[in-house]
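J.: If you follow the hints, you should be able to join the two separate chains into one complex; please do so.
The primary structure of each chain is shown beneath.
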Amino acid sequence: MPMDFATFLTQINDALNAENGPNLAYLLRPTSPHGKDLVKGFRSPTPATLAHFKGSIMSPWDEIAIQYVLICTHIARLRPGEAFKEQSQLVSLFFRYFIENRGWTLPALFSILRDLRDLAHDADWHAKVHNEPSECMVDAARTVAKAFSNCMTDRTSPPDESRKWGVYYVVGLAMKSYFKVRRISLTKNIIKVLENNADIPALELYPRSHQVTYRYYIGMLSFLNEEYAKAEQELTLAFYHCHIGAHENQARILAYLMPLRILRGHLPSDELMHRFPVLADIFAPFIAAIRKGDIAAFDRALELREARLIELNLLLTLEKARELCVRGLFRRVWVSSAKGTRIPLSMFHCALRISGIKDVEVEEAECLVANMIYKGYMRGYISHEKQMVVLASTNAFPRLADRMAPFALM
Amino acid sequence: MSADSWPPQLKDWVAKCLGQMTDMNRTEAQAELRQVIADAFAAHTLWTTDWAGVQLKALLPQPQPQFNTANLKPTKNSPANKKVKKALKNNTSFDPDDRAALDKRAQRFQREHQIEREKSRLGAQGSLQANYNTSHLFDANSRSASPFGQSDDPEADPNVMDWDRHTIVGTSKEIFKDYLRLTTEPKPEQIRPYPVLQQTLLELKKRFREKTPYNWICSQFKSLRQDLTVQRIKNEFTVQVYEIHGRIALECSDMVEYNQCQATLKTLYDLGIPGRVEEFTAYRILMLLHGRNRSELNLYVGQLTPKLKADSAVQHALKVQRALAMGNYHALFALYSSSPNMGAYIMDHFVARERAKALMVITKAYKTIPLSFIHQELAFEGIGQAREFLTEHSAAYFTNPGSSDDQKTLDCKPASAQLNQTFESKYRKVLIKGAI
Numbered sequence: 070m071p072m073d074f075a076t077f078l079t080q081i082n083d084a085l086n087a088e089n090g091p092n093l094a095y096l097l098r099p100t101s102p103h104g105k106d107l108v109k110g111f112r113s114p115t116p117a118t119l120a121h122f123k124g125s126i127m128s129p130w131d132e133i134a135i136q137y138v139l140i141c142t143h144i145a146r147l148r149p150g151e152a153f154k155e156q157s158q159l160v161s162l163f164f165r166y167f168i169e170n171r172g173w174t175l176p177a178l179f180s181i182l183r184d185l186r187d188l189a190h191d192a193d194w195h196a197k198v199h200n201e202p203s204e205c206m207v208d209a210a211r212t213v214a215k216a217f218s219n220c221m222t223d224r225t226s227p228p229d230e231s232r233k234w235g236v237y238y239v240v241g242l243a244m245k246s247y248f249k250v251r252r253i254s255l256t257k258n259i260i261k262v263l264e265n266n267a268d269i270p271a272l273e274l275y276p277r278s279h280q281v282t283y284r285y286y287i288g289m290l291s292f293l294n295e296e297y298a299k300a301e302q303e304l305t306l307a308f309y310h311c312h313i314g315a316h317e318n319q320a321r322i323l324a325y326l327m328p329l330r331i332l333r334g335h336l337p338s339d340e341l342m343h344r345f346p347v348l349a350d351i352f353a354p355f356i357a358a359i360r361k362g363d364i365a366a367f368d369r370a371l372e373l374r375e376a377r378l379i380e381l382n383l384l385l386t387l388e389k390a391r392e393l394c395v396r397g398l399f400r401r402v403w404v405s406s407a408k409g410t411r412i413p414l415s416m417f418h419c420a421l422r423i424s425g426i427k428d429v430e431v432e433e434a435e436c437l438v439a440n441m442i443y444k445g446y447m448r449g450y451i452s453h454e455k456q457m458v459v460l461a462s463t464n465a466f467p468r469l470a471d472r473m474a475p476f477a478l479m
Numbered sequence: 322m323s324a325d326s327w328p329p330q331l332k333d334w335v336a337k338c339l340g341q342m343t344d345m346n347r348t349e350a351q352a353e354l355r356q357v358i359a360d361a362f363a364a365h366t367l368w369t370t371d372w373a374g375v376q377l378k379a380l381l382p383q384p385q386p387q388f389n390t391a392n393l394k395p396t397k398n399s400p401a402n403k404k405v406k407k408a409l410k411n412n413t414s415f416d417p418d419d420r421a422a423l424d425k426r427a428q429r430f431q432r433e434h435q436i437e438r439e440k441s442r443l444g445a446q447g448s449l450q451a452n453y454n455t456s457h458l459f460d461a462n463s464r465s466a467s468p469f470g471q472s473d474d475p476e477a478d479p480n481v482m483d484w485d486r487h488t489i490v491g492t493s494k495e496i497f498k499d500y501l502r503l504t505t506e507p508k509p510e511q512i513r514p515y516p517v518l519q520q521t522l523l524e525l526k527k528r529f530r531e532k533t534p535y536n537w538i539c540s541q542f543k544s545l546r547q548d549l550t551v552q553r554i555k556n557e558f559t560v561q562v563y564e565i566h567g568r569i570a571l572e573c574s575d576m577v578e579y580n581q582c583q584a585t586l587k588t589l590y591d592l593g594i595p596g597r598v599e600e601f602t603a604y605r606i607l608m609l610l611h612g613r614n615r616s617e618l619n620l621y622v623g624q625l626t627p628k629l630k631a632d633s634a635v636q637h638a639l640k641v642q643r644a645l646a647m648g649n650y651h652a653l654f655a656l657y658s659s660s661p662n663m664g665a666y667i668m669d670h671f672v673a674r675e676r677a678k679a680l681m682v683i684t685k686a687y688k689t690i691p692l693s694f695i696h697q698e699l700a701f702e703g704i705g706q707a708r709e710f711l712t713e714h715s716a717a718y719f720t721n722p723g724s725s726d727d728q729k730t731l732d733c734k735p736a737s738a739q740l741n742q743t744f745e746s747k748y749r750k751v752l753i754k755g756a757i
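Taken in sequence, the protein lines are chains A and B. 70 is the number of the first residue of the first sequence in our numbering; add one for each residue after it. 322 is the number of the first residue of the second sequence in our numbering; add one for each residue after it.
It should be emphasised that the hints constitute simulated quantities derived from the structure, not laboratory data. Each hint should be verified, as a subset may be incorrect.
Computed list of lysine to aspartate or glutamate pairs in EDC-like fashion (alpha-carbon distance at most 16 angstroms, straight line) [stated by the list, open to error]:
#, chain 1, residue 1, chain 2, residue 2
1, B, 630, B, 599
2, B, 587, B, 599
3, B, 640, A, 428
4, A, 257, B, 617
5, A, 215, B, 599
6, B, 630, A, 375
7, B, 640, A, 372
8, B, 640, A, 368
9, B, 543, B, 531
10, B, 587, B, 600
11, B, 630, A, 372
12, B, 640, A, 388
13, B, 688, A, 454
14, B, 640, A, 268
15, A, 249, B, 617
16, A, 427, A, 368
Isolated chain B, as found in the complex (with noise of 0.2 angstroms):
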C-alpha cells in the first residue's frame, strides 16, 4: 500500500492527525492512525471514506476531571464520577495546564447540550421521531448524548471507538449549501437535519429538470451526501440519493462522481437497504466492462444471484459481455441501441473502442465494403458520424471518395494497417477516474 495511491484527502487528513500528535501521544496515535488506514484499505474503503470526518481516539482531549465537576455536577457515586476517578487514576501524564485541550474539551460540551436541546425538542413533535429511530440502521438508542452515556456498559471494550459520541444532528435550516470538504468536525448549525434534507432532494430534482447547471446540482448532491454522512444517517432514503446523484452524472458523463455514488451504493445494499439493486448492479458490470477489469468482473458476475441474474437489465449487461467476449459486434450494437435505464450512458464510454475493434475485424476479412454497412451494423448515428470516425482513425480509404456519403465503399486494405496502429495508441490503455 503505496502512498502515492492515496486519496489526496486521506494525505491531508493524516498530515493533520501528525500535526496534532505530541511526544505523549505518539506512539499511541500513529499505531492508532496506521491501523485506520490499514483497515479502510482492506475494506477498499480509502477512497470512500470522508477522512476529514475520521477522529483518532489517540487524539481526543483527555477527560478532564475538575472541568467535568464543575459543568456537569454530578451527584456522589453516580456512574459518572466513578468513571471520573477512574480516569485520573489512569490518566497519570495529564497537564492540567493545557489550556488548548480545555478550550477544545469546552465546545465539545457546548455542542452536546445543543444536540441534547434539538433531540427533544424534535421528540416533542412526534411525527418526526419515527424518522429518528428509523434514519440509522443500526440502533439509534445507542447514539447518546451524554459523553458518559457508554463508558459504564461493563461490556465496553476501551480499544474500540464509540463512534456513537461523535455523531451529531444538525441545526440548519438552509435548503441549499454549496459542498465544502470538511477539515474540522462538523458544526452542527451547518448541517441539514434529516427533514430539511428531504426537502433539499425535492428542490433539487426540480432544478433538475429545469436545466440548472450541473457544477452546482453536483455541488448540492455532494454537500447533501456530507450531511447524511456526518450524521450517519443510512436508510432508503440516502439510497435514493445516491442513486439520483449516480444517474444525473452519468447523465452529465461525471464518472468520478458516478464512481463514488456507485461505491457507496453497493456498500448500503450489501447493509440490505432497499433500493434498485437490479438497476445499478448492470450499471457495474457495464463499468467493469469498460475498465475491462476482468478478474474483478468475473468475481462479481460470480457473487450475482438467480433474482438479480433473472432480471432482465442485468441480462442486458451479461449479454453486452458475451457478444465482447465473442468480438460479436453485430450483437454489441443491437444490445448498445436497446440499453435499458441509462446503460447507454456507460456503453457510451467504450462504443468508440468496441468501433474500431469491430472495424479492424471488418476491414480484415472483406476486401471492399459500403460505407452505409459500417452506418448500419456499428449503431452510428448518421451516415456522416460513420465517415468522420473513420477519419479520426486515419481510416478513410474510400475506393470512390467523390461519391456521397450514401455510396462510398471502403477500401479495406489500407484501411486496416491503419486502425491497427491508432488502435495502439488511442485504446490500449483504460483510464478510470476515481474508484470503483
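Only chain A is shown next, with the shape it has when bound in the complex (with noise of 0.2 angstroms):
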C-alpha cells in the first residue's frame, strides 16, 4: 500500500519513541520506496502548500518532514540543484534536533549527510552540463564539518552513547568532500581539532569502515605533504582492515601505497599488478623503466600520463622515483665495466646520452653521482681531480631495499 503523509508522520515519530537511529535513517533517505509514493500524494508541494502541516508532530520534525517531500519531488522532476538546497535545509533543521540527543541517531545523520554529497555532486554535474556555476560541494563540505563540530562537542551524553562516535565517518565525508574540490588545505583545520582533542575515543575502537578511511585520508594527506615514512604506515594499515569485498577502495588505497614501496625498491609482484589491472595501466611502465635503468622510457611514461597523475596527485612523488632509473643505469654501466673499482665520471656521462638524455653536461653526470652516492644506490666517491669514481670493492650497488631510512634522503 503507497505510503500518505499522515503515516509518514507517524512513522517518524515511532523512529523517534524508539530511538531507532537505521529506521529514521530509512525514513529520511529520498531512495526509500515511501519517496516516491509522497511525491505521487502531492501534485506540486511547495513550502506554502505543506505549511498547514507544520505542529503535526514534534518541532524540528514537522519541518524535516516537510523537506523530505520537497526534495524528493525535486529529485522526481530532475532538479537536483533545488533538491541539493532543500536538503541543506533538512540537514540543518536536524541538527537542532542531533545536539540535543545521544548517539542513537547517528545512523541518521550519516545517511542524511550522505545524500547532501551526493546530491551536491549531481548538482553541481548538471549545472556543469547546463554551464553554469555551482558550488554546492563547497557548501556540502561547510555543512559536513558542522556536522563534526556537532559530533565533537557533546559533553553530556554518557560515553557509549555519545555523539562522538560519529567523528571519524564526518571527518571521512568531509576530506571526500574537500579532495572533491580540490581544497585540500582545509582538512588541515579538522585534523587539528582531532589531535587537539585527547577525549575522543581510541581510533581503534571505531567501524572499521571509518577507521579504514581515516587512515586512508591521513595516509594520502602524509604522502601529498612528502611524510613518506608516516604515509605508508596509514596506508599499510589501511589496507590491511579493508574489506576484502571492496576492491575499489583497495585499490584506492594501494595507488599510493605503490609508489611508496616503489620508492623504497620494492617494486610490485606481477601477481599483484594482475589483481588491480587499473593499477597495473597506470605503474607498469615506470615499473620496466625501473628494472631496465631506461631513464627515457621513464620520462616518457612520465609525460604520457601526465594528466592522470596529477588527477591522483602522483606526478610529483613518481618523478622521484626517477633516480630508481638512474640507479639502474649506473649499475650497468658499472657490470659492463667488469664491476671495477675505479669508472671514470666520462663513462656515466656517456650512458646518460647514450640512453637518450640529451644536452646533459658531464658537470651534471656529476652531480647525479654524487647524488647517488649521498643516498645510498651506490657506495665510493669521487675524485673531481682525476673525474673518477673510486667505488667499493663489496657492494658497490646495494640492493635498493637494503637502503638505511630510504625516505629520509627523498
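T.: Here's what the structure looks like:
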C-alpha cells in the first residue's frame, strides 16, 4: 500500500520514540520506496502548500518531514540543484534535534549527510553540463564540517551513547568533499581539532570502515606533504583493514601505497598487478623502466600519463622514482666495465647520453653520481681532480631494499 | 578554524561588530557574522579581505519612515513609498528615539547625495564616462546612488547583501596619501577617484625610479590599493597596480606585501582580467617551492593550462621544481643564474637552503673538493662568499687553510657532519609570512 503523509509522520514519530536510528535513516532517505509514494500523493508541493502540516509532530520533525517531500519532488522532477538546497535545509533542521540527543541518532546523521554529498555532486554535475556556475560541493563540505563539530561537542551523553562515535565517519565525508573540490588545505583544520582533543575514543574502537577511510585520508595527506614514512604506515594499516570485498577501495589505497613501496625499492609483483589492472595501467611502464634502468622510457611514461597522475596527485612523487632508473643505468655501466672499482665519470656521462638524455653536461653527470652516493644507491666516492668514480670493492650497488632510511633522503 | 590563525584586522573587526550589537539585533548579527567569516574562510579570503570595510547587514541602521519622507519627499504611491510602508509594517521593534541611529542615517544620505552629484558632474565630462562603465567588472549600472534603487526589484533576495549600496566614488584630488587602515566607513572626500589614481601610479613609478625609500613607496601603494578596493575598481589598471607593487615588493624583499599582491592577483586573473599572468604564475610556483608547500604545488601544477606551460618563465619555474625534486644542484644553480623576470629575487630566499643541501651531498660524495668548484657549481658571486658561507655553516674545514681562496680545498669528512647539524637547526622549518 502506498504510504501517505500522515503515515509517514507517524512512522517518524515512532522511530523517534523508539530511538531507532537505522529506521529514522531509512525514513529520511530519498531513495526509499515511500519517497515516490509521497511525491505522487501531493500534486506539486511547495513550502506554502505544506505549511499547514507544521505543528503536526514534535518540532523540528514537522519541518523535516515537509523538507523530505520537497526533496523527493525535486529529485523526481530532475532538479538536483533545488533538491540539494532543500536537503541542506533538512540537515540544518536535523542539527537542532541532533545536538540535544545522544548517539542513537548517528545512523540518521550519516545517511542524510551522504545524501547531501551525493546531491551536491549531482547538482554540480548538472550545472556543469548546462554551463552554469555551481558550488554545491563547497556548501556540502561546510555543512559536513558543522556536523563534525556537533559530534565533537557532546559533553553530556554517557560515553557509550556519545555523539563522538560519529566523529570519524563525518571526518571521512568531510575529507571526501574537500578533495572533491580540491581544497585540501581545509582538511588541516579538522585534523588539528582531532589531534587537540584527547577525550574522543581511540580510533581502534571505531567501526573498521571508519578507521580505514580515516587512515586512507591521513595517509594520502602525509603522502602529499612528502611525509613518506607516516604515509606508508597509515596506508598499510588502511590496506590490511580494508574489507576484502571492497576491491575499488583497495585499489585507491594501493595507488598511493605502491609508489611509496617503489621508492623504497620494493617493486610490486606481477600477481598484485594482475589483481589490480587499473594500477597496472598506471604503474607498469614505470616499473619496467626502473627494472631496465631506462631513463628515457621513464620520462616518456611521465609525459604520457601526466594528466592522469596530476589528477591522482601522484606526479611529483612518482617523478622522484626517476633516480631508481638512474641507479639502474649506472649499475649497468659498472657491470659492463667488469665491476671494476675505478670508473671514469665520462663513462657515466656517455651512458646518460646514449640512453637518450640529450643536452646533459659532464658536470650534471657528476652531480647525479654525487646524489647516488649521498642517497646510498652507490658506495664509494668521486675524485673531482681525476674525474674518476672510486667504487667500494664489495657491495658497490647495494640492493635497493637494503638502503637505510630511504625516505629521509628523498 | 581557530581564532589564533585570524588576521589581526579580522579580530579588530569582529570586536567592533560585537561592540555595535544591541539586544535587539544580537542573534541575527551574530549569525551573519559567523556566516561572513565562514564564507571568507572557505573562499581563502580571510587574509585578503579588507575587513574594516565590511558592513554587517544586521548592524545597519534600521530604515526610518519619518526621516525618509522628510528628506526625500517621495511622491505618493511611488515605489519608494511602498517600500517605506512595508518597512514600517515589518519593523515593529523600531525605536523612534534612537537619536544615534538617526544621525548616522542622516550622514549616510548626505554622502549618497554627494555621490549622485559627483556622478553627474563626471558624467558631463564625457571622456571619463567610459572609465566608469568599464571600471567595474560587474555591471556598472547596478551601482545605484539611491538607497531605494535596488529594493523594488521583485527578484531581489532580502537575504543577499546589496553591496552596491556601499560602493562609493571618491572626490579627493591629492595624488599622494599615506596608508591608514580603515576602521570606519570610507569617507569620499578622502578617497581618490579613478582618474586621480591613474596619475598616482604614474607618479609612484617615477618616484621609485628616483630611489625614493621603499617604506614611503609601499605605504603609497597600499593606500592606492585601498582606494581601488573601496571603490570596487577591478580592471586592467587594478591588475597593473598589484603587479607593479608585487615586483617592487620582490625587489625590496618585502614578502608580506608580495604575498598579498599575489593572492589578489590570482583572484583578479581568475575573473578574466588580463595581465602578466605567465610571469606571476612562475612566481607563484617559485613561492610554493620556497615554502615547500608540496600538496598545494601538486594542485597548482595540475591546474596549469598548456598555454601557460608553454611560456618560458613558467617552464623555467617547472624546471626549478624538477631540479629540486632530483637534488640536481648543477641544473638548479644554472637555472638560478638564468632566471627570467624577477624570479631570482624569489629564489634568493631559498638558495641558501639549497646550497646547504647541495653541500651535504657534495661532502658525502667527495673526500676533498676545491673551493673553486663549490664557488662555480653553487653559483656564488665570488669565491670569498663561498668561503663565508661555509664558515657560517661551521663547515670551513680546509686541508690547506693557509692558501689563498682559489687554492683552498675542502676537507669533506668533518665538514659533512657539521653541515648535517646546521641544516637541521637552520632550515628544517620555513617561515612564510602572509597568505599565499
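J.: Each of the hints needs a verdict: does it hold here or not?
T.: Structure-based check of each hint:
1. B:630 with B:599: 9 angstroms, holds
2. B:587 with B:599: 11 angstroms, holds
3. B:640 with A:428: 14 angstroms, holds
4. A:257 with B:617: Roughly 13 angstroms between the alpha carbons, so the hint for residue 257 (chain A) and residue 617 (chain B) holds.
5. A:215 with B:599: 39 angstroms, violated
6. B:630 with A:375: 13 angstroms, holds
7. B:640 with A:372: Satisfied, since the Cα-Cα distance of roughly 14 angstroms is no more than 16 angstroms.
8. B:640 with A:368: 14 angstroms, holds
9. B:543 with B:531: 19 angstroms, violated
10. B:587 with B:600: 12 angstroms, holds
11. B:630 with A:372: 13 angstroms, holds
12. B:640 with A:388: 12 angstroms, holds
13. B:688 with A:454: 11 angstroms, holds
14. B:640 with A:268: 47 angstroms, violated
15. A:249 with B:617: 15 angstroms, holds
16. A:427 with A:368: 12 angstroms, holds
Violation of the numbered hints given earlier is confined to hints 5, 9 and 14; the remaining hints are satisfied by the structure.
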